[in-house]
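Throw the hints in and build the complete structure from the sequences for me.
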Amino acid sequence: MIELRDVTVSIESRDLLHAVTMSCAPGTLTALVGPNGAGKSTLLSVVAGDRKADAGKILLKGREIGRYSVHELAQIRSVFPQGSVIRFGYMVEEVVAMGRAFRDLPPDEDEAAVLGALRTSEVEHMAFRNAQTLSGGEQARTTFARVVAQATPIVLLDEPTAALDLRHQERVLAAAKAMAREGATVVAVLHDLNLAAAFADRIVLLGDGRIAGNGPPWEVLQQERIETVYRQSVRILEHPVRGCPVVLTT
Amino acid sequence: MTGPLKLKRPPSRTGAIAAVLGAVLVAAFFASVAIGAVSLSLDAVLRAIAGRFSASAADPEAVLAETVVWDLRLARVLTAVIIGASLATCGAAMQGLFGNPLADPGIIGVSSGASLGAIVVVVLQISTFGLWTLPIGAFLSGTATTFVIYALARPGKTGGDNSKLLLVGIAVNAIGGAFAGYLTYLATAEQLQSLTFWSMGSLSSAKWVTVGISAPPTVVGIVLLYRWSRQLDLLALGERQARHLGVDVKRLRRKLIFVTALLVAAAVSFNGTIGFVGLVIPHLFRLMIGPAHRLLIPFSAAGGALLVMLADLAARTLDPPSEIPIGVIMGSLGGPFFLWMIYRSRRFGISAS
Chain A
1 MIELRDVTVS IESRDLLHAV TMSCAPGTLT ALVGPNGAGK STLLSVVAGD RKADAGKILL
61 KGREIGRYSV HELAQIRSVF PQGSVIRFGY MVEEVVAMGR AFRDLPPDED EAAVLGALRT
121 SEVEHMAFRN AQTLSGGEQA RTTFARVVAQ ATPIVLLDEP TAALDLRHQE RVLAAAKAMA
181 REGATVVAVL HDLNLAAAFA DRIVLLGDGR IAGNGPPWEV LQQERIETVY RQSVRILEHP
241 VRGCPVVLTT
Chain B
1001 MTGPLKLKRP PSRTGAIAAV LGAVLVAAFF ASVAIGAVSL SLDAVLRAIA GRFSASAADP
1061 EAVLAETVVW DLRLARVLTA VIIGASLATC GAAMQGLFGN PLADPGIIGV SSGASLGAIV
1121 VVVLQISTFG LWTLPIGAFL SGTATTFVIY ALARPGKTGG DNSKLLLVGI AVNAIGGAFA
1181 GYLTYLATAE QLQSLTFWSM GSLSSAKWVT VGISAPPTVV GIVLLYRWSR QLDLLALGER
1241 QARHLGVDVK RLRRKLIFVT ALLVAAAVSF NGTIGFVGLV IPHLFRLMIG PAHRLLIPFS
1301 AAGGALLVML ADLAARTLDP PSEIPIGVIM GSLGGPFFLW MIYRSRRFGI SAS
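Line by line, the protein sequences are chains A and B. In this text, residue positions in the first sequence follow our numbering: the first is 1, and each later residue adds one. In this text, residue positions in the second sequence follow our numbering: the first is 1001, and each later residue adds one.
Rather than coming from a laboratory, the hints here were simulated on the basis of the structure. Hints may contain errors.
Taking lysine-lysine pairs in the DSSO-like style, the calculated list, with each CA pair at most 30 Å apart, reads [what the hints assert, rightly or not]: (1) A:52 - B:1250; (2) B:1250 - A:61; (3) B:1164 - A:52; (4) A:52 - B:1008; (5) B:1250 - B:1164.
Stretch by stretch, here's where chain A covers chain B in the computed footprint (C-beta under 8 Å, at least three residues) [to be verified]: (6) 1099–1108; (7) 1243–1254; (8) 1284–1297.
The calculated label-pair distances, taken between Cβ atoms and stated as ranges, are [unchecked claim]: (9) A:67 - B:1018: 43 to 53 Å; (10) A:135 - B:1318: 46 to 56 Å; (11) A:183 - B:1174: 56 to 66 Å; (12) A:110 - B:1062: 56 to 66 Å.
All residues carry an ideal CB built from backbone N, CA and C; glycine is no exception.
Encoded structure:
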């Protein structure tokens, strides 16, 4: 459960987020979408505890985020960051196991959890490769596996699909949705509106630091609203197989 | 889910490497005790070591051997072990902290900061804490130096920036050198002699009392680093992600800076700056056994001890009866190695591991 009440973040008197109020329920996957600079990553970093809000409250599982210790936060939320770099030649399996390093879970379950995470991301075959030699997409899948291994009730993903090919975009979001179905509160920043429409239970559209839409995909992804927020003309169609909205630029 | 329920791990060479390292370490220890101006047989060394614990021997040759071993060699060899182990583990921890394989107490200026503290103590004849004044002075200025370096060359989220850390190191070394130079200029002739050996390093002043003073901080420091090895591993992901995974980076950083300064102080207070141990040893072991600190810390301790023992043995025996400063030997080995690492890291980006 994530709750934001009037959250404002500003830099030099410019509001990156302006009085944002929203909540995400356990069991759902929420997609954060919006144009560049709308405040998506800022919102995610505030919820992750990376930066402090200048005003307003953020509650994770009913408790204010500032009142959790670093260790406690690692028990309840995991983060897929943008641009992950590893500095020494750890193996993929070691990187994924880092997700478990400070979890208060029985250590004898670690191996099975790590293996399951490696398979979810389809990186099992490179488990003993040096993580520094991976391609961008393989690195992103390794990081995602680490998030899966951490197995927290709140999962925050910042553009998890940015470096991925078609197959792995689908797999990663399907895995994120599966985590939600098992009871996690999943929030993903996505650039691709169609991926958001296909996988998210709710879409939160941000524009200029404010919420411009919050609801199920069909409700948020409406032509007029998207055109205003993105300043780009679009058409909305229905996906022939999935039945969800599809956004096409025109 | 497909496939077996366990990962198939590639065979590990770690056990074999540990066995070889252990054997070479023991051999080097006895060789260092036996070889010198008066060379002894292994048998004589063993008898001399045991002799201290049994009734004294009447045989004058055995008495001489016992004196050589106990009063000259053992303290010096143990000093080499302490210096090597503390500098190498300190290097491993600093590389983890800075996320940079080129971080070495000598190169980035921590050693010169620490030895500046020691020089101040010598020249200004401070003796507030008796024999402990020297190591405390080295520890305090080493800690301050590390904080400054970290503040200036803090690893960003974009990965280790080699050039920045090295530039800060150049500046810190220059400042340390200038202060040391000024103090040298103030020093009396008698102090001068003890100052020159700071700059090059020497184990010739090793005594049982200095072993007694520098051993406890070394042991405590290495044990602490070993206990923090998992947190050090996670720092490889950068400060932000380490925090996401449950590492209190701010506290860890502070603890690491104090402990690395403690280790450097233990190494340099009585023996001057000895460079490159902290660079060469962790790097070699990372290539052999991987970067995980749970193994890297103990292997670095053993490897560092071995390297300094051998370097000191060479310093004592290459040009008898005089001694080559150990800093000269380390520099002639470590300098080219450092260049090779920079060449390698240029080819592979920052990925030199």
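Results for each hint:
no.: 1; hint: A:52 - B:1250; result: holds (16 Å)
no.: 2; hint: B:1250 - A:61; result: holds (25 Å)
no.: 3; hint: B:1164 - A:52; result: holds (29 Å)
no.: 4; hint: A:52 - B:1008; result: violated (44 Å)
no.: 5; hint: B:1250 - B:1164; result: holds (21 Å)
no.: 6; hint: 1099–1108; result: holds (count 3)
no.: 7; hint: 1243–1254; result: holds (count 7)
no.: 8; hint: 1284–1297; result: holds (count 4)
no.: 9; hint: A:67 - B:1018: 43 to 53 Å; result: holds (45 Å)
no.: 10; hint: A:135 - B:1318: 46 to 56 Å; result: holds (50 Å)
no.: 11; hint: A:183 - B:1174: 56 to 66 Å; result: holds (59 Å)
no.: 12; hint: A:110 - B:1062: 56 to 66 Å; result: holds (57 Å)
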